[in-house]
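*Asks:* These are the residues of each chain, in order.
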Amino acid sequence: MSRVPGWGIAMGMVHTFVRMTQAKRTIQYPEQRQEISPHHRGRLILLYDEAGNLKCETCFQCAAACPIEIIDMGGVDTKNRFHVHWGPAEQYAERREESALRRSGRPVADRSFEAWLPIDLGPLEQILIRNDYDPRRLLTILEATQQQYAYLPVSALQHISHSTGAWYSEIYGIASSYPNLIFEPGRVSEIGLCQCATCAMLGSGRIRDALVAALGTDIGGVTADGAVRFVAADCGGESRDEPLVTLDGQAQPHMTAEKAGRLAQRLRAKAAQPARA
Amino acid sequence: MTLAGKILIPLLILVALLTVLLLVLWEVGVLPALIGVVADVVTSNIDIIRFLLAATAILLFTIPTAFVIIFMELKVIAFLASRIGPNRTGPWGTLASVVAGFKVLAKEDYTPTGADAAVFTIAPIITYLASVLTLLVIPFAPGLVGLDMNIGLLYFFAVSGLSVVGLMMGGWSSFNKYSLLGGLRAAAQIVSYELPLVLAPVGVIMLAGTLSLNGIVQHQAGWFWDWYVFQQPLAFVVFFIAATAEGNRTPFDLTEADSEIVAGFATEYSGMRFGFFFFAEYVGVFVLSALTTVLFFGGWNSPIDPRPILDFFHVTINGAIDLAGMGIWLLWAVVLGVPLVVFLMTLVIWTFKSGWSFVKSLVVAFVLFNVIAAAVVLIWAFVSFEVVVGLFWFMVKAFTFAFVFVWMRGTLPRVRIDQLMGFAWKWLVEISLVNAFVTAGAILVVQQVTGR
Amino acid sequence: MTDAKTEVRSLDDPNIWVETPATIYDAIPPYPPRTEREAEFYHLRDGEMLLNLGPQHPSTHGVLRVVLKVDGERVTDLDPVLGYLHRGVEKLCEVGDWHIAISQCDPLEYVASLFSEAMPVMAAEKLLDLEVPKRAQYIRTLVWELNRISSHALFIGWLALDLGGLTPLLYGFIERDEIVEMLAALTGQRMLFNYLRIGGVNRDLNHDFLSRLGDWMSRAAVEIEQETRLLNENEIFVRRTRGMGVMTPEMALRMRVTGPNLRAAGVPFDVRRAHPYAAYPDLEFDIPTRSEGDSYARYMLRVDEIRESIKIIDQCLHEMPDGPIMARIPRLIRIPPGRAFVAVESPRGEYACYAMSDGSDQPFRLRISDPSFWNLQSVGEMVPGNLIADTMAIMASLDPVMGGVDK
Chain A
1 MSRVPGWGIA
11 MGMVHTFVRM
21 TQAKRTIQYP
31 EQRQEISPHH
41 RGRLILLYDE
51 AGNLKCETCF
61 QCAAACPIEI
71 IDMGGVDTKN
81 RFHVHWGPAE
91 QYAERREESA
101 LRRSGRPVAD
111 RSFEAWLPID
121 LGPLEQILIR
131 NDYDPRRLLT
141 ILEATQQQYA
151 YLPVSALQHI
161 SHSTGAWYSE
171 IYGIASSYPN
181 LIFEPGRVSE
191 IGLCQCATCA
201 MLGSGRIRDA
211 LVAALGTDIG
221 GVTADGAVRF
231 VAADCGGESR
241 DEPLVTLDGQ
251 AQPHMTAEKA
261 GRLAQRLRAK
271 AAQPARA
Chain B
1001 MTLAGKILIP
1011 LLILVALLTV
1021 LLLVLWEVGV
1031 LPALIGVVAD
1041 VVTSNIDIIR
1051 FLLAATAILL
1061 FTIPTAFVII
1071 FMELKVIAFL
1081 ASRIGPNRTG
1091 PWGTLASVVA
1101 GFKVLAKEDY
1111 TPTGADAAVF
1121 TIAPIITYLA
1131 SVLTLLVIPF
1141 APGLVGLDMN
1151 IGLLYFFAVS
1161 GLSVVGLMMG
1171 GWSSFNKYSL
1181 LGGLRAAAQI
1191 VSYELPLVLA
1201 PVGVIMLAGT
1211 LSLNGIVQHQ
1221 AGWFWDWYVF
1231 QQPLAFVVFF
1241 IAATAEGNRT
1251 PFDLTEADSE
1261 IVAGFATEYS
1271 GMRFGFFFFA
1281 EYVGVFVLSA
1291 LTTVLFFGGW
1301 NSPIDPRPIL
1311 DFFHVTINGA
1321 IDLAGMGIWL
1331 LWAVVLGVPL
1341 VVFLMTLVIW
1351 TFKSGWSFVK
1361 SLVVAFVLFN
1371 VIAAAVVLIW
1381 AFVSFEVVVG
1391 LFWFMVKAFT
1401 FAFVFVWMRG
1411 TLPRVRIDQL
1421 MGFAWKWLVE
1431 ISLVNAFVTA
1441 GAILVVQQVT
1451 GR
Chain C
2001 MTDAKTEVRS
2011 LDDPNIWVET
2021 PATIYDAIPP
2031 YPPRTEREAE
2041 FYHLRDGEML
2051 LNLGPQHPST
2061 HGVLRVVLKV
2071 DGERVTDLDP
2081 VLGYLHRGVE
2091 KLCEVGDWHI
2101 AISQCDPLEY
2111 VASLFSEAMP
2121 VMAAEKLLDL
2131 EVPKRAQYIR
2141 TLVWELNRIS
2151 SHALFIGWLA
2161 LDLGGLTPLL
2171 YGFIERDEIV
2181 EMLAALTGQR
2191 MLFNYLRIGG
2201 VNRDLNHDFL
2211 SRLGDWMSRA
2221 AVEIEQETRL
2231 LNENEIFVRR
2241 TRGMGVMTPE
2251 MALRMRVTGP
2261 NLRAAGVPFD
2271 VRRAHPYAAY
2281 PDLEFDIPTR
2291 SEGDSYARYM
2301 LRVDEIRESI
2311 KIIDQCLHEM
2321 PDGPIMARIP
2331 RLIRIPPGRA
2341 FVAVESPRGE
2351 YACYAMSDGS
2361 DQPFRLRISD
2371 PSFWNLQSVG
2381 EMVPGNLIAD
2391 TMAIMASLDP
2401 VMGGVDK
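These protein sequence lines map, in sequence, to chains A, B and C. The opening position of the first sequence corresponds to residue 1 in the working numbering, with each subsequent residue numbered one higher. The opening position of the second sequence corresponds to residue 1001 in the working numbering, with each subsequent residue numbered one higher. The opening position of the third sequence corresponds to residue 2001 in the working numbering, with each subsequent residue numbered one higher.
Hints were generated in silico from the structure; no laboratory data involved. Any given hint could turn out to be false.
Facing chain B, a subset of chain A residues (Cβ under 7 Å, in silico) [what the hints assert, rightly or not]:
#1 Gly-12
#2 Met-13
#3 Arg-19
#4 Met-20
#5 Lys-24
#6 Arg-25
#7 Thr-26
#8 Thr-256
Mimicking DSS-like on lysine-lysine, the simulated pairs with C-alpha atoms at most 30 Å apart in a straight line are [as the list claims (entries may be wrong)]:
#9 Lys-1006/B / Lys-1103/B
#10 Lys-2311/C / Lys-2126/C
#11 Lys-1103/B / Lys-24/A
#12 Lys-1177/B / Lys-1107/B
#13 Lys-2091/C / Lys-2126/C
#14 Lys-24/A / Lys-2311/C
Over the 12 Å line for every Cβ pair with chain C, so calculated as not near, a few chain B residues [as the list claims (entries may be wrong)]:
#15 Pro-1064
#16 Met-1072
#17 Lys-1103
#18 Tyr-1178
#19 Leu-1184
#20 Ile-1349
#21 Leu-1412
#22 Pro-1413
#23 Gln-1419
#24 Phe-1423
#25 Trp-1425
Backbone N, C-alpha and C fix where the C-beta goes; we use that ideal spot for every residue, glycine too.
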């Protein structure tokens, strides 16, 4: 400690004055950016190898390791089992029946994007003209739209927003307060059952009885609420150990009569709740 | 008719009518009589008019000054910390403090529940006025004083002490314990440091023989070694420390210590009321640095006296320009000369900067011409008018001390309230008293020795 | 309580005026005191006032609420209220397996998170009786010491900020930014690293990290000197911290204070020497100790520790052995039932964990003992009698991190 009073203060002030003349450490974003090390783990991307193939094998290790359970994968695994739901069931609306990696070249539309597809806006224009483009009559407009298109497509809501001037979020908020307005096209699920001799010997009759009891209709019919259709499928002679039961065209392995009944009941229960986007 | 038309045409009609009216009145003789009456009133009460003009001028002066000092604070503290500070709003961030001022205006102005509304509202006004009124006696340049009182220094200390009333009112009337603590600390601090602040310039007063700040500056005329800082160094140190405490600046800013009592007395203030406290602090910084330069650093005197040098080289600079003698040539010079010069500069720039269009070079040439013309005018004013020289040196010195205040704020931590009061009462008061005695003794001795 | 006015008022009524009793501006709770200590604390004598340094405060080092009983400016009593940052980390560790526990324990000491990560890692290794490869031990020591330096650089900045100086914090962040970028090049993250694994570390040293480290080491000693020069001899700083918050060795041991706070009080206890782990038995370093026990001693001790850490990093770099960075363990770890106690020396003190496993792949219990929690208990003995301004200075000199205090 120096004997001169104020010496430390003076030296400190000299030091800061000298710092004033040295280089500044500010990085002028966005002209300059801080270089991120290539080893940084913060970027959420799927990596490709040199040949351009996706490296992700959906081995599920990342989802298993994630402490907040936010990673999910789609599709069936190597033993032809469905993916395991990891986490609370309500996070999983059944939107991903197939994984893009396992589709082996067969293009299948992802049904979750149906709500965003373009639609014919002519009838919607008529509805808006009838209501004078009045944003205060939004409920009337929305109900008429639902009647016209059977659900509220996103492009319809956008058009309503552009025409009437109400905010999209406002329209969405109003629509979601009413349980009769739905945002996704109603699902009609199809359960298919093969009736060929091989499948009959393997037990498709019992499955058929269980499904008839659960659905209330026989093959070729639709349930009373129009949610599940019971169709005939064709195994092409391929079935070895069990009859062919399909759900929306996708084969369901290890299906027994009880399981089929439960599946049908689940589908009907799910259709009873309106779908929300 | 367009919207612009709806506004402009009635305006033009109004202007035309007014011109006709004025012409008629002029011819009739009403207007000259009116002007005569006004001139008589003004000349008979010139002092009051001058005082009102001075008061308005300093009120208007404080706002740009506060903006400049706030900007300086932001940039200097950032530079001290190896950062850049605001550099996006305005060129090199110069509009940052202006934008901050407008932001303060736009905030919600509320009175907290339980607060004493009248006292709460008046407190910032008193603090601001206390800072602003002190500028009335500070000599900015020879002849440029708000009011040259012969008790100027006494007036200054009296009015600057009013700020503590405002701080205490603010601290008590917000229904808040933090504000209460801040207000009490403010009262203790400012009252404690009034004594060293007042006793330190006693030596200067004895040397100058007058309390008038204008007189003190005039006594320091000459070279820089005539300034009182070389004759009263201890008083300068004591005064500067006391001024830091009076202005609530770090290291004595415990009235608004943000890491302890959130914002002290100003915790519950928002919007323009906080803006008043905010401005009052920065105007106080300027005022105290101005007082330091006036008392110790020669005020508006320049550090060198150019006359002996010019006499040595037999050079006389006479800045007088006989504008009346130029007659009609002045009009031709302004109307034709300026566009011609701008056009020539445009051609030069356009030739050598091939990437620029003609319009762009025209704009650049115009701006450049204005800058050069302003510089030339300023240099001419500097050379020919004493006021400009004095104002320039005064501002340089005042802002240097403002820079030192900001530098201290960026570097030093805060003292504690008991350490602060102990320092004032146990050290500064004693040192300033000793300084006063020693100065008095020295003056007597010198008078005896030299017989004057 | 309102008196017998039973008219129903709408909240939309613009003329509503709620009578607010003045006592709600006090920190006195509306229920009668539940314990003796509460009764003693909330009984205000004449002239005393309760001041609430609430969870939102510029200098309580996180969300800490401290109720001060002040008499003018002098603090007569103190009641810290914890729990504003409680996340249930120990319970979360029980729900996932041992690997999940590593990333759950990261935010416990978010300033220097490799030390809190070490808890489940070292506990599992002890329970499995696993031998960690030498290279992994040296890498762990290296990054631990880097974390210690960055934490102490931040401490210097916070202490200065709580005392009123703005620039030392910004200088500290410049230092810390370099170290943190270095660690990002190695581990992949700047803050919550998730780098230690049961049996070793995640990744090996790479060229990016080593070049940055070498570059920094060549300047480190000089830069530390410069950063601290602003404060070491500053009269105002010294007068604010010297003699403040004096902790005697007996009080320190009684309040279970550990780390630099304990060593500044005169007790030369350091887990790296008392119960050596990782590469510390093979390295040469001193344990700085001071005997005054005040805030200034705690500050200077941490500055000394930075210098020691630089020496340790130097030795680690020079003696880094070759070999694997992780022991061979199965992907799914089932630890046989048992209990283990592990402790590391974090920049705040002794970071300890008592782990119990029941033979499954999830830990049965991870009881984490955070040094900041114990250090913070000593404010109740040190602060009363000082001024309000000293409360901040003393709390800042203890260097608490609320993530660990509340877990």
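*Asks:* All hints are to be evaluated individually against the structure, with a verdict given for each.
*Replies:* Hint by hint, here is what the structure shows:
1. Gly-12: With a minimum Cβ separation of about 6 Å from chain B (threshold 7 Å), the hint on Gly-12/A holds.
2. Met-13: Where the cut-off is 7 Å and the nearest Cβ of chain B is about 5 Å from Met-13/A, the hint holds.
3. Arg-19: 6 Å, holds
4. Met-20: Where the cut-off is 7 Å and the nearest Cβ of chain B is about 4 Å from Met-20/A, the hint holds.
5. Lys-24: 5 Å, holds
6. Arg-25: Hint holds; Arg-25/A Cβ to chain B Cβ min 5 Å, cut 7 Å.
7. Thr-26: With Cβ-Cβ at 4 Å, under 7 Å, it holds.
8. Thr-256: 68 Å, violated
9. Lys-1006/B / Lys-1103/B: This hinted pair is violated, its Cα atoms lying about 34 Å apart.
10. Lys-2311/C / Lys-2126/C: Holds, at about 28 Å.
11. Lys-1103/B / Lys-24/A: It holds: about 28 Å lies between the C-alpha atoms, which stays within 30 Å.
12. Lys-1177/B / Lys-1107/B: It holds: about 23 Å lies between the C-alpha atoms, which stays within 30 Å.
13. Lys-2091/C / Lys-2126/C: 21 Å, holds
14. Lys-24/A / Lys-2311/C: Roughly 29 Å between the alpha carbons, so the hint for Lys-24/A and Lys-2311/C holds.
15. Pro-1064: 26 Å, holds
16. Met-1072: 15 Å, holds
17. Lys-1103: The claim stands: Lys-1103/B keeps its Cβ more than 12 Å from every Cβ of chain C (closest is about 20 Å).
18. Tyr-1178: Its Cβ does come within 12 Å of chain C, the nearest being 8 Å, so this is violated.
19. Leu-1184: 8 Å, violated
20. Ile-1349: 43 Å, holds
21. Leu-1412: Non-interface label on Leu-1412/B violated, nearest chain C Cβ at 6 Å vs cutoff 12 Å.
22. Pro-1413: 4 Å, violated
23. Gln-1419: 6 Å, violated
24. Phe-1423: Violated: least Cβ distance 10 Å, not greater than 12 Å.
25. Trp-1425: 16 Å, holds
Checked against the numbered hints given earlier, the structure breaks hints 8, 9, 18, 19, 21, 22, 23, 24 and satisfies all the rest.
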